[in-house]
Amino acid sequence: MRITEPMTGEPRFFAGLNGGGRHLLGLQGMHPTRIEPFLDLAESYVLLNRSRKTQRDRLRGLTLINLFFEDSTRTRTSFELAGKRLGADVINMSVSTSSVNKGETLLDTAATLNAMRTDLLVVRHGQSGAPALLAQKVDAGVINAGDGTHEHPTQALLDALTIRRRCGRLQGLTVAICGDVAHSRVARSNIHLLTAMGSQVRVVGPPTLVPAAIDQLGVSVHHDMDEGLDGADVVMMLRLQRERMSGGLVPSAREYFRFFGLDAARLGRAKPGALVMHPGPMNRGVEIDSAVADHPEQSVIQEQVEMGVAVRMAVLDMLARAQTGGRPG
Amino acid sequence: MTSITLPPALLFENVRLLDAASGLDRPDARLLVRDGRIEAIDPAGELPAGIERLDGGGAVLCPGLVDMRVSIGEPGAEYRETVSSAARAAASGGITTIAVLPNTEPVIDDPALVRLLRARGEETGAVTVLPYGAVTKGCRGEELAELGLLREAGAVAFTDGVRAVADARVMRLALSYARGFGATVTQHPEDPALGRGGSATEGELATRLGLPGIPAAAEAILVARDLRLARLSGGRLHIAHVSTAEAVALIRDAKRNGIAVSCDTAPPYFDLNETAIGDFRTYAKLSPPLRPESDRLAICEALADGTIDAIASDHTPRDPDDKRLPFAQASAGGIGLQTLLGVTLARVHDGTLPLPRAIELLTAAPARLLGLETGTLRPGAAADLCLFDPERAWRVAAGQLPGRAQNTPFDGRALEGRVLGTWKNGRRVFGT
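Note that the protein sequences, when read in sequence, are chains C and Y.
Position 58 of the first sequence, counting from 1, maps to 58 under our numbering, and the rest follow consecutively.
Position 220 of the second sequence, counting from 1, maps to 220 under our numbering, and the rest follow consecutively.
Here chain C stands alone, though its shape is the one from the complex (with noise of 0.2 Å):
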């Protein structure tokens, strides 16, 4: 009888934590004794940036790749900047208008990339394991930074660092995960990481945005966005695309935002002081109305994305030490 393995056991986080793998392709089944070393060291990293130092000693003589299938200015610069705080040659590739037009295939460009002995690469891919299949065919270490609707871990370590910043822990607090959790590589990263560490975590949604079997990861899963939020300590927004209404999985922007949209009214639901974050870019007004998206106590909006260079260095750090079997780059 042929039964193979479920795939939830193996971790398959880095990679340089333990020196196994050379990459960061997900977080799923990522142990939490590897997490709380990790944030530790993002933390640090916060630190450096905030004091203007830099140690571009760090990743001196290596180089990155950032290549981005679907465009995102956000994550490609801070994933930019990341690398040139520690000293990488970073270039940027945007690929979603240029080879893949002319049929080059995610192998032949993972054959030109090793021709350029690459050591980093970031991808970003529209379909859902394009950088595990990448990764099992270029020589450096590639970092997902979000494939399709399946992981985007660095997004998760970063919403992991803030919440913990702000709140001193992750374990036993209440976070609600809000919106198109079906079509969501933030969400499943950020359910994986949160329950690992002891949250606990609720999905909130209509059910046509709510993937099938969720519970199963260790959810809890709320229709009303009310008693979603009752007591939450963090409200996690995620952004709503517009082809979601074309497609017929909600009808309209405005019922969306009555009865799955976050107000002053609904965050009230929240525990006092309940922190506010999205992963942007925001849609104001269909999944978060101004007021709190601009919140200047509970919105922490911006501070992840200080948040976000931190926890990419950290990233780059920890993968380049395992490119160079541990010596410094």
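Possibly wrong hints are sitting among the right ones.
Covered by chain Y, per the in silico footprint, the following chain C stretches (three or more residues, Cβ under 8 Å) [stated by the list, open to error]: (1) 123-137; (2) 211-224; (3) 261-273.
The calculated lysine to aspartate or glutamate pairs, modelled on DMTMM-like cross-linking and capped at a C-alpha distance of 25 Å, are [claimed, not checked]: (4) C:LYS53 to C:GLU303; (5) Y:LYS323 to Y:GLU78; (6) Y:LYS323 to Y:ASP253; (7) C:LYS137 to C:ASP71; (8) C:LYS271 to C:ASP226; (9) C:LYS137 to Y:ASP319; (10) C:LYS137 to C:GLU104; (11) Y:LYS137 to Y:ASP55; (12) C:LYS271 to C:GLU243; (13) Y:LYS323 to C:GLU70; (14) C:LYS84 to C:GLU104; (15) Y:LYS323 to C:GLU104; (16) C:LYS137 to C:ASP215; (17) Y:LYS255 to Y:ASP191; (18) C:LYS271 to C:ASP289; (19) Y:LYS137 to Y:ASP167; (20) C:LYS84 to C:GLU303; (21) C:LYS137 to Y:ASP322; (22) C:LYS53 to C:GLU43; (23) C:LYS271 to C:ASP224; (24) C:LYS137 to Y:ASP279; (25) Y:LYS323 to Y:ASP279; (26) C:LYS84 to C:ASP71; (27) Y:LYS323 to C:ASP108; (28) Y:LYS323 to C:ASP139; (29) C:LYS137 to Y:ASP191; (30) C:LYS137 to Y:ASP321.
Since the hints were made in silico from the structure, they are not lab data.
Don't be surprised by glycine CBs; every beta carbon is placed ideally from N, CA and C.
Given the structure of chain C, go ahead and fit chain Y onto it with the hints provided.
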């Protein structure tokens, strides 16, 4: 005057004869082949002079396998598989008859193409190729193809192959009209609207992998509709590659209620479950998609209790470029001619199926469904034979299988049960 050179008479000795069509299971038997036909079992009296003898060493000799669901690339996608490369693959798997789907380029919706494919099969000398005719022109699901003319040219049954006939009215007409020619309509059981864009069975695994899901109910929904249309039209319906517990339950009930329905399944659906696609393994991306373990168990049960009538390989050749893509973009399908018998025997070895029943599912049963005279060891039948050792172990190795396409979902699988030799019309086409 031309003469066809026939191989000399051949006597199999020391073989276990297994033939479901005649209820034969006889160890330590002999079988005599002459002029390309089976002449006698345990022949008495004098044997022909110059006879060749083959000691089977106790191995099983059964009819050549009849595989009722095969795709080849010809015409139109010869880079994937040709009739002759498929014939090599089939022979290595003990298969001597294949029914091929019409989803080629052009589609098999013209009598000339039916004749062409049959002739291409004959040229190989190794395998009989029986084309399915398209149910609808171009397999577009809109207007009926020329079922009568296709039948006359030798189309074995009708199907739009890998595409389901979506429109209920068209399906009703097809079942009704085909009935007039005594032909079966075979359906790919997946509601196209529910399946659109999906690449894995909806559920926890697809959610974890972030893959667009197809609800398992997409199968049952179409099966339920077509069973009602079969009753309404009085036509004969065959459901291909059933893969879900719900669908087999519907078919089981329908059979009890006297609806003219039959079905087959393919080895992946009783040997693998959806975890085979873990970490985006595109070689395990199939259509219908692999299912949870509970469905696999239901398929095993339905094979044993007779709800499922036949096992077909669902051989679907794909090029590496079709598979080395992100999961959702990769082509679905796996080859299966080479492993049809071996994987089926895994169910014998784990006690799920008795050996004679397994052989029936691969020979007499599909032959009956397709209305063929082959698939039996009865004297007078064509000497299409498969000799196999049910215990001999081997390991499936992609890249080293006979035939052109190598996209097996069973790569690395250890199997017990290996084909030792295959004969087509008394001529050896595989083994030495």
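Against the structure, the hints come out as follows:
Counting residues of the segment 123-137 of chain C whose beta-carbon sits less than 8 Å from any beta-carbon of chain Y gives 7, enough to reach three: the coverage restraint holds. Check result for the segment 211-224 of chain C against chain Y: holds, 6 residues qualifying (beta carbon to beta carbon below 8 Å, three or more required). Three residues within the 8 Å Cβ limit are the bar, and the segment 261-273 of chain C against chain Y gives 0, so the coverage statement is violated. Among the hinted pairs, C:LYS53 with C:GLU303 is consistent with the structure: their alpha-carbon atoms are about 19 Å apart, no more than 25 Å.
Using a Cα cut-off of 25 Å, the hinted pair Y:LYS323 and Y:GLU78 holds, with the two alpha carbons roughly 17 Å apart. For the suggested pair Y:LYS323 and Y:ASP253, the alpha carbons sit about 38 Å apart, so the restraint of at most 25 Å is broken. The straight-line distance between the Cα atoms of C:LYS137 and C:ASP71 is roughly 23 Å, inside the 25 Å bound, and the hint therefore holds. In summary, the hint linking C:LYS271 to C:ASP226 is supported, as the alpha carbons are separated by about 12 Å, within the 25 Å threshold.
A hinted pair counts as satisfied when its Cα atoms are at most 25 Å apart, and C:LYS137 with Y:ASP319 qualifies at roughly 18 Å. A distance of roughly 15 Å separates the Cα atoms of C:LYS137 and C:GLU104; the hinted pair therefore holds under the 25 Å criterion. Proximity of Y:LYS137 to Y:ASP55 is assessed by CA-CA distance (about 51 Å); at most 25 Å being required, the pair is judged violated. Restraint check for C:LYS271 and C:GLU243: the C-alpha separation of about 33 Å exceeds 25 Å, so the hint is violated.
Among the hinted pairs, Y:LYS323 with C:GLU70 is consistent with the structure: their alpha-carbon atoms are about 22 Å apart, no more than 25 Å. Taken as a hint, the C:LYS84 and C:GLU104 pair is broken in the structure, with Cα atoms around 29 Å apart against an allowance of 25 Å. Restraint check for Y:LYS323 and C:GLU104: the C-alpha separation of about 15 Å stays at or below 25 Å, so the hint holds. This hinted pair does not check out: C:LYS137 and C:ASP215 have alpha carbons roughly 34 Å apart, beyond 25 Å.
Between Y:LYS255 and Y:ASP191 the alpha-carbon distance is near 22 Å, which keeps this suggested pair within the 25 Å criterion. Note on C:LYS271 and C:ASP289: the hinted pairing holds, with a Cα-Cα distance of about 18 Å set against a maximum of 25 Å. At most 25 Å may separate the alpha-carbon atoms for a hinted pair to count; Y:LYS137 and Y:ASP167 meet this at roughly 14 Å. The hinted pair formed by C:LYS84 and C:GLU303 meets the criterion: a straight-line CA distance of about 20 Å does not exceed 25 Å.
Among the hinted pairs, C:LYS137 with Y:ASP322 is consistent with the structure: their alpha-carbon atoms are about 17 Å apart, no more than 25 Å. With a C-alpha separation of about 14 Å, the suggested pairing of C:LYS53 with C:GLU43 holds against the 25 Å cut-off. For the proposed pair C:LYS271 and C:ASP224, the alpha carbon gap of about 17 Å is at most 25 Å, so the pair holds. Between C:LYS137 and Y:ASP279 the CA atoms are separated by roughly 15 Å; this keeps the pair inside 25 Å, and the hint holds.
Distance restraint check for Y:LYS323 and Y:ASP279: the Cα-Cα separation of roughly 14 Å lies within the 25 Å cut-off, and the hinted pair is therefore satisfied. For the proposed pair C:LYS84 and C:ASP71, the alpha carbon gap of about 20 Å is at most 25 Å, so the pair holds. Of the pairs offered as hints, the one joining Y:LYS323 and C:ASP108 holds, with about 14 Å between alpha carbons and a cut-off of 25 Å not exceeded. For a cut-off of 25 Å, the pair hint linking Y:LYS323 to C:ASP139 stands: about 21 Å separates their Cα positions.
A distance of roughly 36 Å separates the Cα atoms of C:LYS137 and Y:ASP191; the hinted pair therefore is violated under the 25 Å criterion. Restraint check for C:LYS137 and Y:ASP321: the C-alpha separation of about 14 Å stays at or below 25 Å, so the hint holds.
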